[in-house]
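Just so you know, the sequences run in chain order S and B.
Just so you know, we're using numbering that gives the first Met the number 0 here: the first sequence kicks off at 0 and counts up by one.
Just so you know, we're using numbering that gives the first Met the number 0 here: the second sequence kicks off at 0 and counts up by one.
It is worth saying that the hints were derived from the structure and are not from the lab.
There may be inaccurate statements among the hints.
[Stated by the list, open to error] In silico DSBU-like cross-links for lysine-lysine, where the CA-CA straight-line distance does not exceed 30 Å:
no., chain 1, residue 1, chain 2, residue 2
1, S, 110, B, 157
2, S, 122, B, 157
3, S, 122, B, 59
[To be verified] Residues from chain S that face chain B, not an exhaustive set, calculated with beta carbons under 7 Å:
no., residue
4, 24
5, 27
6, 28
7, 42
8, 48
9, 69
10, 73
11, 94
12, 98
13, 101
14, 116
15, 118
16, 120
The beta carbon of each residue, even a glycine, is placed where N, CA and C say it ideally should be.
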Amino acid sequence: MDKKVKSKIFHYNLFPKNCRGTNILKENIIFIVLNLVFLSILMVFIFSKMQNAANLEEMYAKQIALMIDAAREDTTIQLDMQDGFDVAGEEYSGELVFIRDNIITVKLREKGGYSYSFFNDIKVRPEIQRLNGGYNFYIYRE
Amino acid sequence: MNKKGSDKIVSVYWFAILFIIAAAVVYMVLIFYGKPYDVREIESSLLAKLVADCVSNAGKINENVLDGSGIILTNENFMETCHLNFGVEDSFDWSLNSEYFVNVEFSMFEGEFLKNVTAGNSNLLDFCKEEFKSANNPSCLEDSFYSLDSEGNAYKIKITSLVRKTEKNVG
């Protein structure tokens, strides 16, 4: 195949007019903008995955379960859940943390929630602290 | 060759490379965030710690475990004495078999075996064998320590704790 024909297949000349200075500038600007757009889309995708409600539910449920397993009676544990409040604030206004028997459920969405159990046979009373963006867990034995 | 022209050309190769990089990043992110957080190792160590604190305090065996007549901790009163609750969420048929197992082995310092006390699903014990140890299998932790009774006799206490919960930690 002729070299010129072959190169036309893989290359597209965006600037057919040969107005040197302006074209080089335009070309570089478009090139940089396209790269920035590409990087932005990539970053948005990564951050959307990081702040995903399902991920946060799982993380908080397991974190709280481990905290309770490690806790002794008559203890108060404060947990920063600001990220969870931010995610939930947009679509869900109910209680974020429920504890039934020895099972913790964290719910940041209307349709969703993640449950995890703890083995420490102890009573836990969660109390929301909206101003501090967190929860207090009062751990006691009856 | 049109060198001047090629300088002004935006190559599709560059976008092909960008596409490959994007696909790789997306794949890695999905792999990383798609897997559940595996907390079983921490859970099994916390379980062992809870039982150790129940059996012994500050190097002395607790009175609710050992009195003048011998070791009074049994399979029947183990859960209550050590404040354990092995109830789990009703998913993946977990309610049929316990997802936990804990074994406490008492022996004299010199090596004479005294008693085994267990709670939970004893079928899990096989996973402490070296050939079954892997990230996909239940997490097993074996630890031992020495403790004294009120008369100063030394005991060796070996604790084996296992946590399964594979479906929620491995995926």
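How the hints compare with the structure:
For the proposed pair residue 110/S and residue 157/B, the alpha carbon gap of about 45 Å is over 30 Å, so the pair is violated. Taking the CA atoms of residue 122/S and residue 157/B, the gap is about 28 Å. The hint holds against a cut of 30 Å. As the CA atoms of residue 122/S and residue 59/B are separated by approximately 27 Å, the hinted pair is consistent with the 30 Å bound. Among the interface hints, the one on residue 24/S is violated; its C-beta lies about 11 Å from the nearest C-beta in chain B, farther than the 7 Å criterion.
The restraint placing residue 27/S at the interface with chain B is violated, with a minimum CB-CB distance near 10 Å, outside the 7 Å limit. Given the 7 Å rule on beta carbons, the hint for residue 28/S is violated: about 12 Å separates it from the nearest Cβ of chain B. With a cut of 7 Å, the hint placing residue 42/S at the interface with chain B is violated, because the nearest CB-to-CB distance is about 10 Å. Checking residue 48/S against chain B by beta carbon gives a least distance of about 5 Å; that is within 7 Å, so the hint holds.
Interface hint status for residue 69/S: upheld, as the beta-carbon distance to the closest one in chain B is roughly 5 Å, under 7 Å. Proximity of residue 73/S to chain B is violated relative to the hint, the smallest CB-CB distance being about 14 Å (cut-off 7 Å). A distance limit of 7 Å between C-beta atoms decides the matter here; for residue 94/S the minimum to chain B is near 18 Å, and the interface restraint is violated. With a least beta-carbon distance of about 12 Å to chain B, the hint placing residue 98/S at the interface is violated under the 7 Å criterion.
Interface restraint check: residue 101/S against chain B, minimum CB-CB distance 5 Å, threshold 7 Å, status holds. Against a cut-off of 7 Å between C-beta atoms, the interface hint on residue 116/S holds, since the closest Cβ of chain B lies about 5 Å away. This hint holds: residue 118/S has a C-beta 6 Å from the nearest C-beta of chain B, less than the 7 Å allowed. Below 7 Å, beta-carbon pairs count as interface contacts, and residue 120/S has one with chain B at about 4 Å; its hint therefore holds.
Violated hints, listed in ascending order, are 1, 4, 5, 6, 7, 10, 11 and 12; each of the other numbered hints is respected by the structure.
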